[in-house]
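The primary structure of each chain is shown beneath.
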Amino acid sequence: MNLTDIPVVKQVFESGADDRVYDSLVLAGPILIAVILLVGRSLITLGLALSYVALFVFYLAYKGIIDADGDV
Amino acid sequence: MSGSAATIGRDLGRILQALAGLMFVSVVVSLAWGEFYAVPALIVSGLIPFGIGRLLSVRFGDAADPGKLHGMVIAASGWLCVGVFGSLPFLLVAWTVELSLAPALLRTPSQTATLAAFTDPLNALFESMSGFTGTGLTMTDDESVLPHTLQWWRTFSEWIGGVGVIVLTTAILARPGSGSLTLYESEARSEKIHPSIVSTVQTIWWIFILFTFIAILLLWIAGMPIWGAINHGMTGLATGGFSITDNSIATYDSVAIDFVLLPIMLLGSIAFPVHYLILQGDLRNLYRDLQTRWVFIYMSLGSALLWAFVYFGGTYETPFAAFRYGTFQFVSAATCTGFQTAVDATNVALGRWPAHAQLTVTAGMIVGGAAGSTVGGIKLIRALTLFKGIRFRVADVFYPDTAVRRLTINGRRLSEEETRREFEEAAIIAFLWFLFLVAGVFVLLLVLPSGEYTLQNVVFEVASAQGNVGLSAGITGPESLPALGKVMFLFNMWIGRLEIIPVLVMLRLVFRRGGVYT
Chain A
1 MNLTDIPVVK
11 QVFESGADDR
21 VYDSLVLAGP
31 ILIAVILLVG
41 RSLITLGLAL
51 SYVALFVFYL
61 AYKGIIDADG
71 DV
Chain B
73 MSGSAATIGR
83 DLGRILQALA
93 GLMFVSVVVS
103 LAWGEFYAVP
113 ALIVSGLIPF
123 GIGRLLSVRF
133 GDAADPGKLH
143 GMVIAASGWL
153 CVGVFGSLPF
163 LLVAWTVELS
173 LAPALLRTPS
183 QTATLAAFTD
193 PLNALFESMS
203 GFTGTGLTMT
213 DDESVLPHTL
223 QWWRTFSEWI
233 GGVGVIVLTT
243 AILARPGSGS
253 LTLYESEARS
263 EKIHPSIVST
273 VQTIWWIFIL
283 FTFIAILLLW
293 IAGMPIWGAI
303 NHGMTGLATG
313 GFSITDNSIA
323 TYDSVAIDFV
333 LLPIMLLGSI
343 AFPVHYLILQ
353 GDLRNLYRDL
363 QTRWVFIYMS
373 LGSALLWAFV
383 YFGGTYETPF
393 AAFRYGTFQF
403 VSAATCTGFQ
413 TAVDATNVAL
423 GRWPAHAQLT
433 VTAGMIVGGA
443 AGSTVGGIKL
453 IRALTLFKGI
463 RFRVADVFYP
473 DTAVRRLTIN
483 GRRLSEEETR
493 REFEEAAIIA
503 FLWFLFLVAG
513 VFVLLLVLPS
523 GEYTLQNVVF
533 EVASAQGNVG
543 LSAGITGPES
553 LPALGKVMFL
563 FNMWIGRLEI
573 IPVLVMLRLV
583 FRRGGVYT
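As you go down the protein sequences, you meet chains A and B in turn.
The opening position of the first sequence corresponds to residue 1 in my numbering, with each subsequent residue numbered one higher.
The opening position of the second sequence corresponds to residue 73 in my numbering, with each subsequent residue numbered one higher.
Just chain A, same shape as in the assembly:
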């Protein structure tokens, strides 16, 4: 079975910016929030949340640099 055969995953992959990193963030977001709801504030959950936001910010910056280089 392919990952894209799962209904929600398929929907996310087809709707977004055709970028697997962003798609992964959309899919991981509710899982991470559910973990925080269940476990509460701890070093691990804080680390996971920081990693999530950092991945988004750095990936956005990385894409920006790649795009700018492509235009030069």
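To be clear, the hints were calculated from the coordinates, so they are not data collected in a lab.
Bear in mind the structure is a predicted one, so any value in this text is a computation, not a measurement.
Where a beta carbon is used, it is the ideal one built from N, C-alpha and C, also for glycine.
Treat each hint with caution, since some may be false.
Claimed, not checked - Among chain A residues calculated to face chain B with C-beta under 10 Å, some are:
hint, residue
1, Glu-14
2, Ala-17
3, Asp-19
4, Gly-29
5, Leu-32
6, Ile-36
7, Ala-49
Said to hold, decoys possible - Calculated cross-link-like contacts (lysine-lysine; reagent style BS3-like; alpha-carbon spacing at most 25 Å):
hint, chain 1, residue 1, chain 2, residue 2
8, B, Lys-140, A, Lys-63
9, B, Lys-140, B, Lys-264
10, B, Lys-140, A, Lys-10
Using the hints, position chain B against chain A.
Frame of chain A; chain B shown alone:
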């Protein structure tokens, strides 16, 4: 039954079914929090629009695609119906508790004054309309004592309303064709991300969901409890402004939370097509796109001006306090969010700020952010079109009659015909906006106890309702606002969300059919 009524009825039915789905989904929240008394209320609330919606969509299933007139009437009546049926959870949960139905079985709690306000259908309707239009003015005295189910329903309604109920319905139904495009445009949106309208609305939701997770996690990292982060992340990004605490964001009294909310509110005030390009790495859109560039210029200038007013005017003693509250309140107002940090419990309430500071915040609410985002107000592009158009006309006098001049807006060189059309559209919306603002002020001055509120308080409150902002100078409340004032605000919120024209088109159609005039 005429063809028009069938088309309108069919699409209204679909919108109502989508609304019912939102109510059924919300049952999970009631179960998770052990609020079993809210489950029957939510199910009944969902069954009513679902039944009516199903009836309409089946009965008129083969109706023609909507044209421009249908689109406007569907948008106006759809938002009204969503407001009306969306009030059912408030009303039915409040009456379940009021009548103390099956307290042992459903764990029904005792009634609170806050929840009791929703036993009045007008208050429930006000809350629902305020939620779906993303306004944030509230009929609650203390949001923190509301059942979690209703806290969620308020948040969820703003989150859905921020993007739009028609955008939601189009995304769910995935109905391709010109009919969906007509409806999409009737809901105060115009730009497309993809050639296909269905792909466009699905991508809008994808962006919105991604940003929602980022917003929730940022707030949680900044120290907000997770339930608060979920609710405020959703309402902040949707630029709605409903809170789950008594004093909005001031309850947390946290510098970190205040500053984390600034980019969240700003994200909500930038158009979705621009977000899409930025996510793909084209960061130059942050300054290349006229509206996005002006979001930052306008927010910076307004915040600086407000800082100067509240610091040099003596409202705040330190430059940092003036910067913290001035910036937050201007961004909150201009993005049409309505979160409040300026309250008496921690500093100085907005209603007690100097008149010129209040009017600066009011100006922010009137203009709003970018068209194609989640904000209300006249929108930056119209304000800029008006400004540039006026400058163009005035400068025209200094050129010879033979000179060929073109107005340039957002990199587009407009022909004479295009200039006239764009300027006319912006002028009409702005004129109508001020007309209904004045009407709202007039009604409020008529119904409010004389001497209780200043004129700037009243203008502030009406601009807040019509701009779908939600900041309050203290007038809005279940007891403080008379029934006629609530009805006026319902109208202000409704027209504000749809940019007036669709509502006027619908009313004209209703009055003509009703024989009021021909």
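Okay, the hints, checked on the actual structure:
1. A distance limit of 10 Å between C-beta atoms decides the matter here; for Glu-14/A the minimum to chain B is near 7 Å, and the interface restraint holds.
2. A distance limit of 10 Å between C-beta atoms decides the matter here; for Ala-17/A the minimum to chain B is near 5 Å, and the interface restraint holds.
3. For the restraint placing Asp-19/A at the interface with chain B, the shortest Cβ-Cβ distance is roughly 8 Å, inside the 10 Å limit, so the hint holds.
4. Proximity of Gly-29/A to chain B holds as hinted, the smallest CB-CB distance being about 3 Å (cut-off 10 Å).
5. The closest approach between the C-beta of Leu-32/A and any C-beta of chain B is roughly 7 Å, which is under the 10 Å cut-off, so the hint is satisfied.
6. Among the interface hints, the one on Ile-36/A holds; its C-beta lies about 5 Å from the nearest C-beta in chain B, closer than the 10 Å criterion.
7. Look at Ala-49/A: its Cβ gets to within about 5 Å of chain B, closer than 10 Å, so that hint holds up.
8. With a C-alpha separation of about 40 Å, the suggested pairing of Lys-140/B with Lys-63/A is violated against the 25 Å cut-off.
9. At roughly 17 Å between alpha-carbon atoms, Lys-140/B and Lys-264/B fall within 25 Å of each other, so this suggested pair holds.
10. Under the criterion of a C-alpha separation no larger than 25 Å, the hint pairing Lys-140/B with Lys-10/A is inconsistent with the structure, at around 33 Å.
Of the numbered hints stated above, those contradicted by the structure are hints 8, 10, listed in ascending order.
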